[in-house]
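Q: The primary structure of each chain is shown beneath.
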Amino acid sequence: MSETALAARGLHKSFGSLVVASDINIELPAGVRYALIGPNGAGKTSLINLVTGMLQPDAGQILLGDNDITALSPELRVQRGLARTFQINSLFPHLTALESVMLAVCERRGVARTWWRRLPAYRHEIDEAYDILGALALASVCHRPTRELAYGQQRLLEIALALAMRPKVLLLDEPAAGVPRDESRELFAAIAGLSRDITVLFIEHDMELVFRFASRVIVLVGGRVMVEGTPQEIAADARVRAVYLGKATGRPERPRDD
Amino acid sequence: MATEAIAGPQDYLRDQIRWRWGEILFWFATLLPFVLAPSYLVLASQIAITALFALSLDLILGFCGIVSLGHAAYFGLGSYTAGLLSKWGWGEPLSGLLIAALAAGLFGYLTSFIVARFRHLALIMITLGLGLLLQEAANSASWLTGGSDGLQGIHTWPLLARFKFDLYGYTAYSYALAVLFVVFLGARRLIHSPFGLALRGIRENGQRMPAIGAPTHSHIRTIYTIAAAVAGLAGALLAQTTETVSLEALGFQRSADVLVMLILGGTGRLYGGLIGAAVYMIARDQFSGLNPQYWYFWIGLLLIAVVTLLPNGILGGLSLLTRRRKAAP
Numbered sequence: 010m011s012e013t014a015l016a017a018r019g020l021h022k023s024f025g026s027l028v029v030a031s032d033i034n035i036e037l038p039a040g041v042r043y044a045l046i047g048p049n050g051a052g053k054t055s056l057i058n059l060v061t062g063m064l065q066p067d068a069g070q071i072l073l074g075d076n077d078i079t080a081l082s083p084e085l086r087v088q089r090g091l092a093r094t095f096q097i098n099s100l101f102p103h104l105t106a107l108e109s110v111m112l113a114v115c116e117r118r119g120v121a122r123t124w125w126r127r128l129p130a131y132r133h134e135i136d137e138a139y140d141i142l143g144a145l146a147l148a149s150v151c152h153r154p155t156r157e158l159a160y161g162q163q164r165l166l167e168i169a170l171a172l173a174m175r176p177k178v179l180l181l182d183e184p185a186a187g188v189p190r191d192e193s194r195e196l197f198a199a200i201a202g203l204s205r206d207i208t209v210l211f212i213e214h215d216m217e218l219v220f221r222f223a224s225r226v227i228v229l230v231g232g233r234v235m236v237e238g239t240p241q242e243i244a245a246d247a248r249v250r251a252v253y254l255g256k257a258t259g260r261p262e263r264p265r266d267d
Numbered sequence: 083m084a085t086e087a088i089a090g091p092q093d094y095l096r097d098q099i100r101w102r103w104g105e106i107l108f109w110f111a112t113l114l115p116f117v118l119a120p121s122y123l124v125l126a127s128q129i130a131i132t133a134l135f136a137l138s139l140d141l142i143l144g145f146c147g148i149v150s151l152g153h154a155a156y157f158g159l160g161s162y163t164a165g166l167l168s169k170w171g172w173g174e175p176l177s178g179l180l181i182a183a184l185a186a187g188l189f190g191y192l193t194s195f196i197v198a199r200f201r202h203l204a205l206i207m208i209t210l211g212l213g214l215l216l217q218e219a220a221n222s223a224s225w226l227t228g229g230s231d232g233l234q235g236i237h238t239w240p241l242l243a244r245f246k247f248d249l250y251g252y253t254a255y256s257y258a259l260a261v262l263f264v265v266f267l268g269a270r271r272l273i274h275s276p277f278g279l280a281l282r283g284i285r286e287n288g289q290r291m292p293a294i295g296a297p298t299h300s301h302i303r304t305i306y307t308i309a310a311a312v313a314g315l316a317g318a319l320l321a322q323t324t325e326t327v328s329l330e331a332l333g334f335q336r337s338a339d340v341l342v343m344l345i346l347g348g349t350g351r352l353y354g355g356l357i358g359a360a361v362y363m364i365a366r367d368q369f370s371g372l373n374p375q376y377w378y379f380w381i382g383l384l385l386i387a388v389v390t391l392l393p394n395g396i397l398g399g400l401s402l403l404t405r406r407r408k409a410a411p
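Residue numbers (the numbering used here), protein chains in the order written: chain A, 10 to 267; chain B, 83 to 411.
Honestly, the hints are just simulated from the structure, not real lab data. A quick note: this is a predicted structure, and the numbers were derived from the prediction, not measured. One or more hints might be untrue.
[Said to hold, decoys possible] Incomplete in silico selection of chain B near chain A, CB under 10 Å:
#  : residue
1  : Pro91
2  : Tyr94
3  : Gly268
4  : His274
5  : Ser275
6  : Pro276
7  : Phe277
8  : Gly278
9  : Arg282
10 : Glu286
11 : Met291
12 : Pro292
13 : Ala293
14 : Ala296
15 : Thr298
16 : Ile305
[To be verified] Some chain A residues judged to face chain B by a derived CB distance under 10 Å, without partners named:
#  : residue
17 : Thr61
18 : Glu84
19 : Leu85
20 : Phe101
21 : Ala121
22 : Trp125
23 : Glu134
All C-beta atoms, glycine included, are put in the ideal place defined by N, C-alpha and C.
All chains should be modelled from the sequences, with the hints used to inform the complete structure.
A: Shown next as structure tokens:
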């Protein structure tokens, strides 16, 4: 039951005098929905970058399941089942939604080097991509170029690309960033509906969403884990209230809304 | 738009890559010089060879976003390989072609390790440097290449042991066109494959590719090697059909010209290089007839006109026109 999906041990990273991660120890049990919160500049995105290999830690270890993946390149970590999305959309503007997800599926299935067979022959891959899009309510726009999709649909496509990797662990960097509030609830409902085989860690500023969709919360302040616990414990923690919740009621901060 | 809901995704993808009427017409049109302009067959064969070279550049620039100013290095390597083979007593064209493509592909593979690590401006400088290096190496190795005098003593045997290379370019154009068509079929297949999709992904957002588990560098190395081999094919064709090779074959001018042709025609469409090569070389032929000294003036004007009026090249402009016509009732 308490099988660990992802763990970071003694993770440290600094840029000159700026410390973005300092002795971070986290353990995500399999299947749990984690929220990663903290004020701006706390090092939340840096932590995701460290875990996914887009940043190299100065010290520390990252484990996916029982395997040490610290030395692996980002694409190998992804192939092992560690997928992420980006805070700012990072998509393929001229590819259609279906093509984008197919690209990811083909990479995962190891057929992306094949140049002598036409795409329509890949029935499995097409169906899988189409199903992923369907599950996120994107099937009806699957032949539209990504740049023509509505912003909220592009946010969903970010998640679809990550899901195409059949992740064991999914790291979502502010999945609802810039999405209107009512839509962000739908988006989180879609995330909540993901298979329990997938361990999810998401960054989110909206406390209402955090408390509703996370079963555990990690609070990061100044590159350090300040506290980790259930939403109730976090809400009751005096230190958290002081640095984070205390600033305002409900939504302490919500940058880059437009 | 209404059809997309009805057709399944597989049918939709199949429809996307079917042969269009315009494509079929285009390939029939390439046969016209045989009947309409037999006196221009030599020019036509040069165009077909240059089109093949432009096609190889399109594979890396149009589908992968690699800007190269040294692509002639692979063309020239193919030229010299085919030329030297013939000079040393093996003038059989098809095997010469294959060996030249292998040589250029091998050099492409070796250089791809450097190329795959850079983007944008650094890439332009590196490819430019590679081109200059090879040109000077060929220049200084004059015992092998003939230096600035060019490679003499090439004799190409009859094609398939039957068709002699005639003065009118009949065999030369047939040969060049056949090779162009076969390579085009391969390239068309490639861009419609999963690998082609991965290349488009790299062009669209190379930074994102690792996050979907894609080995970007390895993909770039593969396509760069293929493009180098195709450029080598084009170079070998030129050596075999003209029976000379000069340093100009791997010069900067050739690298720059092919880039201009591709941009004129439109990148990332396969046909852009073919159309661009035809327009550029016919224009050069006509302009240099008008005024042999200043024809580059007109080429410059043409380039500026196309790039300002049709940012995606001639083909980009054409497809915009047809889309507008379809949209209008």
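Q: Look at each hint and say if it fits the structure.
A: Hints, one by one, checked against the model:
no. : hint   : in the structure
1   : Pro91  : 5 Å, holds
2   : Tyr94  : 6 Å, holds
3   : Gly268 : 8 Å, holds
4   : His274 : 5 Å, holds
5   : Ser275 : 5 Å, holds
6   : Pro276 : 4 Å, holds
7   : Phe277 : 4 Å, holds
8   : Gly278 : 7 Å, holds
9   : Arg282 : 6 Å, holds
10  : Glu286 : 4 Å, holds
11  : Met291 : 8 Å, holds
12  : Pro292 : 4 Å, holds
13  : Ala293 : 6 Å, holds
14  : Ala296 : 5 Å, holds
15  : Thr298 : 8 Å, holds
16  : Ile305 : 9 Å, holds
17  : Thr61  : 7 Å, holds
18  : Glu84  : 4 Å, holds
19  : Leu85  : 8 Å, holds
20  : Phe101 : 4 Å, holds
21  : Ala121 : 5 Å, holds
22  : Trp125 : 6 Å, holds
23  : Glu134 : 8 Å, holds
Checked against the numbered hints listed earlier, the structure breaks none of them; every hint is satisfied.
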